[in-house]
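Chemist: Following the hints, complete the assembly by docking chain B onto the known chain A.
Protein chains: 2
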Amino acid sequence: MSRNQYPDIRTINQGNSSITRFSTKSPLFICVISYTDTSAIPGITAAGANRDFVKYTPAADAEFLYYGFCKCIDKVPITPDGNPTPAIITRGALGLADIPFLVVDAGSKIKPSIPYVSFGIDPGHNIESGVAVESIDVKKAFDYGRMLGRQLGKSCDLMVLGESIPGGTTTTLGVLHALGIDAKYKVSSSMQTNPHRLKNTIVKHSIQKSRISFGELRNNPLEAVAFLGDPMMPSVAGISEGVLSVGGKVLLAGGTQMAAVLAILKSLGLKMNEVCIGTTIYVANDNSSNLAGLVSSISTEVPAFAADLHMEKSPIPGLEAFARGFVKDGVGAGGTSIAAMLKSDGRINGDIILKAIEEEYECVLHGKSR
Amino acid sequence: MSRNQYPDIRTINQGNSSITRFSTKSPLFICVISYTDTSAIPGITAAGANRDFVKYTPAADAEFLYYGFCKCIDKVPITPDGNPTPAIITRGALGLADIPFLVVDAGSKIKPSIPYVSFGIDPGHNIESGVAVESIDVKKAFDYGRMLGRQLGKSCDLMVLGESIPGGTTTTLGVLHALGIDAKYKVSSSMQTNPHRLKNTIVKHSIQKSRISFGELRNNPLEAVAFLGDPMMPSVAGISEGVLSVGGKVLLAGGTQMAAVLAILKSLGLKMNEVCIGTTIYVANDNSSNLAGLVSSISTEVPAFAADLHMEKSPIPGLEAFARGFVKDGVGAGGTSIAAMLKSDGRINGDIILKAIEEEYECVLHGKSR
Numbered sequence: 027m028s029r030n031q032y033p034d035i036r037t038i039n040q041g042n043s044s045i046t047r048f049s050t051k052s053p054l055f056i057c058v059i060s061y062t063d064t065s066a067i068p069g070i071t072a073a074g075a076n077r078d079f080v081k082y083t084p085a086a087d088a089e090f091l092y093y094g095f096c097k098c099i100d101k102v103p104i105t106p107d108g109n110p111t112p113a114i115i116t117r118g119a120l121g122l123a124d125i126p127f128l129v130v131d132a133g134s135k136i137k138p139s140i141p142y143v144s145f146g147i148d149p150g151h152n153i154e155s156g157v158a159v160e161s162i163d164v165k166k167a168f169d170y171g172r173m174l175g176r177q178l179g180k181s182c183d184l185m186v187l188g189e190s191i192p193g194g195t196t197t198t199l200g201v202l203h204a205l206g207i208d209a210k211y212k213v214s215s216s217m218q219t220n221p222h223r224l225k226n227t228i229v230k231h232s233i234q235k236s237r238i239s240f241g242e243l244r245n246n247p248l249e250a251v252a253f254l255g256d257p258m259m260p261s262v263a264g265i266s267e268g269v270l271s272v273g274g275k276v277l278l279a280g281g282t283q284m285a286a287v288l289a290i291l292k293s294l295g296l297k298m299n300e301v302c303i304g305t306t307i308y309v310a311n312d313n314s315s316n317l318a319g320l321v322s323s324i325s326t327e328v329p330a331f332a333a334d335l336h337m338e339k340s341p342i343p344g345l346e347a348f349a350r351g352f353v354k355d356g357v358g359a360g361g362t363s364i365a366a367m368l369k370s371d372g373r374i375n376g377d378i379i380l381k382a383i384e385e386e387y388e389c390v391l392h393g394k395s396r
Numbered sequence: 027m028s029r030n031q032y033p034d035i036r037t038i039n040q041g042n043s044s045i046t047r048f049s050t051k052s053p054l055f056i057c058v059i060s061y062t063d064t065s066a067i068p069g070i071t072a073a074g075a076n077r078d079f080v081k082y083t084p085a086a087d088a089e090f091l092y093y094g095f096c097k098c099i100d101k102v103p104i105t106p107d108g109n110p111t112p113a114i115i116t117r118g119a120l121g122l123a124d125i126p127f128l129v130v131d132a133g134s135k136i137k138p139s140i141p142y143v144s145f146g147i148d149p150g151h152n153i154e155s156g157v158a159v160e161s162i163d164v165k166k167a168f169d170y171g172r173m174l175g176r177q178l179g180k181s182c183d184l185m186v187l188g189e190s191i192p193g194g195t196t197t198t199l200g201v202l203h204a205l206g207i208d209a210k211y212k213v214s215s216s217m218q219t220n221p222h223r224l225k226n227t228i229v230k231h232s233i234q235k236s237r238i239s240f241g242e243l244r245n246n247p248l249e250a251v252a253f254l255g256d257p258m259m260p261s262v263a264g265i266s267e268g269v270l271s272v273g274g275k276v277l278l279a280g281g282t283q284m285a286a287v288l289a290i291l292k293s294l295g296l297k298m299n300e301v302c303i304g305t306t307i308y309v310a311n312d313n314s315s316n317l318a319g320l321v322s323s324i325s326t327e328v329p330a331f332a333a334d335l336h337m338e339k340s341p342i343p344g345l346e347a348f349a350r351g352f353v354k355d356g357v358g359a360g361g362t363s364i365a366a367m368l369k370s371d372g373r374i375n376g377d378i379i380l381k382a383i384e385e386e387y388e389c390v391l392h393g394k395s396r
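Taken in sequence, the protein lines are chains A and B.
My numbering numbers the first residue of the first sequence as 27 and each following residue consecutively.
My numbering numbers the first residue of the second sequence as 27 and each following residue consecutively.
Bound-form chain A, shown alone (with noise of 0.2 Å):
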């Protein structure tokens, strides 16, 4: 096996296992879609034309996936700037590499028009109530995740796990403060310009109002969770961990908000040696967010891998758009794309997968006119 087998899969930070220790033949992704009122806060989040779209914009993803186009919305999601949604990769991805995937349903506010799985939980509230997520769908959550995982991991080689849940990163600093890991400034955005004050002030008023100090629930993830995370986490979680009970390996497909669930596994006690994360070059390559900092202040074990798709030579403005910091990555994009590029051996890189993206762009707009 040549050691450019995946030239554009790069390894951003110091985990201590390479990809192919998760070499893949049947890997399976789940996108769970999911929601917290946090994302109501204007100015928090980009995913969405206006505030009133963002709500819809997890279901959108779901049924994108599936179909191509969206039912519950007439376009796409994009942001207010006209960039579409990182759903148009992951389809793209999942289609080259026939990858198979599901939805999982943890608590969005709108419900796709697709089969999905119910994990028949309420969407988040704003963490700056003071109650993130009711303590019963928490562990529900988690417990059906692991339900979910302990099947599927038998179904499959390879875990991928990505999420669509507007506000995720505001979130992932609430969670990660509960559990002791200083993620200001570090965690990432779906904006080109990260308003990391923002976040830090919502966050600030959320721990004022829950009175949970830096690190104090670092043994209680899942109550770290609600008073300060979202539904997403302890479902994302509690699918890990089911399939690592199982044997199987898990790639946490996202950016920054997966270092939360990573954070929750870690506190959890689980052994973290088959579980890596994946995104894209575009999160790991931003100046205002930090990845590799954050998963190697977690665990010093978990390898972080970018999928680069040299978006900066697309044609098309939206899609060269995510080089230059908008959207950046979500909906599992950078690590199906990883998932693609490993399971066809490297037969399908950085500029094939663009290729088809462009493809599903193009898709799009002629949908759009019909």
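Hints were generated in silico from the structure; no laboratory data involved.
Check before you lean on any hint, since a few could be wrong.
For chains that are exact copies, the list does not tell them apart, and a pair is met inside one copy or across any two.
Said to hold, decoys possible - Mimicking SDA-like on lysine to any residue, the simulated pairs with C-alpha atoms at most 20 Å apart in a straight line are: (1) K165 to Y93; (2) K97 to D169; (3) K97 to S144; (4) K135 to S155.
Modeler: Using the frame of chain A, we list chain B on its own:
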């Protein structure tokens, strides 16, 4: 491979392929839970301790598969005679062979406390009303089934599809009428004494109401379901279509209810050579029904197999009763037993499964006393 590798799998019809065609290393079981108001007609089903409990049976079966006990009712589902749900066989077989499973909710009246795939459809009506399933739900069930089947068909080498829907043999009789297959006195029953006359009368009334002549809808099977079927049928047919479309194999795990699904697949013009039916020897041996004959009248290609679980040898009366014609099959009991034998290359046989079932039964008794 010895001819007697699977001594407890019997071929019960003239299908043109042997069980080795359905060999599997990575099967996946999906149990579709559903409901039809037809089951509320007195005397039609034994799936529930009494009429009030029938609607809980599908959810309780699904919960039993995950937990080994039920949450929506205090005990496991039993017949009025006190015989346990066939889910006890399913759970035993799945556990022995470490076969992963998922539950799909396709219009059950009570929702189980588990992570389930939601098809977002309503329960079926009493077929005597002239509308068995809303047309929009028939289409949705089939479409969502197909979407799910296309994904999960890539994650297994054999898709095993079971059901829990009380009253389902009566709707089977109805749908087969519309599709031009005479199933009178051929459908099975969860009761030892098959209420054929009652079923025939109900279907007669339903036909009078819906005005569907024999074979009238043989080219429109989804419409046949809308007039005379139940929500399980298009769901399982859709999943099957999806699995077949990605090159997978399907084992329809059930008795005569699966003949309705088979007839739908045949009417849709699907290639049947990757489909088989798997049940228990107790359905196959039943003199009051004729699964083999039904299957042959639908397709000469499709083999039907039966698992011999030697339940006549069980010292537990509720299990020994299966061999005397009570319950017989359901919740994919026979099909998952066959899958367990196949996955283990014959190491798991009927005796070993019976032992696991008896252990499940002891756990249930133990649970009851807690």
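Chemist: Against this structure, judge whether each hint is valid.
Modeler: Structure-based check of each hint:
no., hint, result
1, K165 to Y93, "between (32 Å within a copy, 16 Å between copies)"
2, K97 to D169, "between (30 Å within a copy, 15 Å between copies)"
3, K97 to S144, "both (19 Å within a copy, 17 Å between copies)"
4, K135 to S155, "within (18 Å within a copy, 36 Å between copies)"
In summary, the structure agrees with every hint in the numbered list given earlier.
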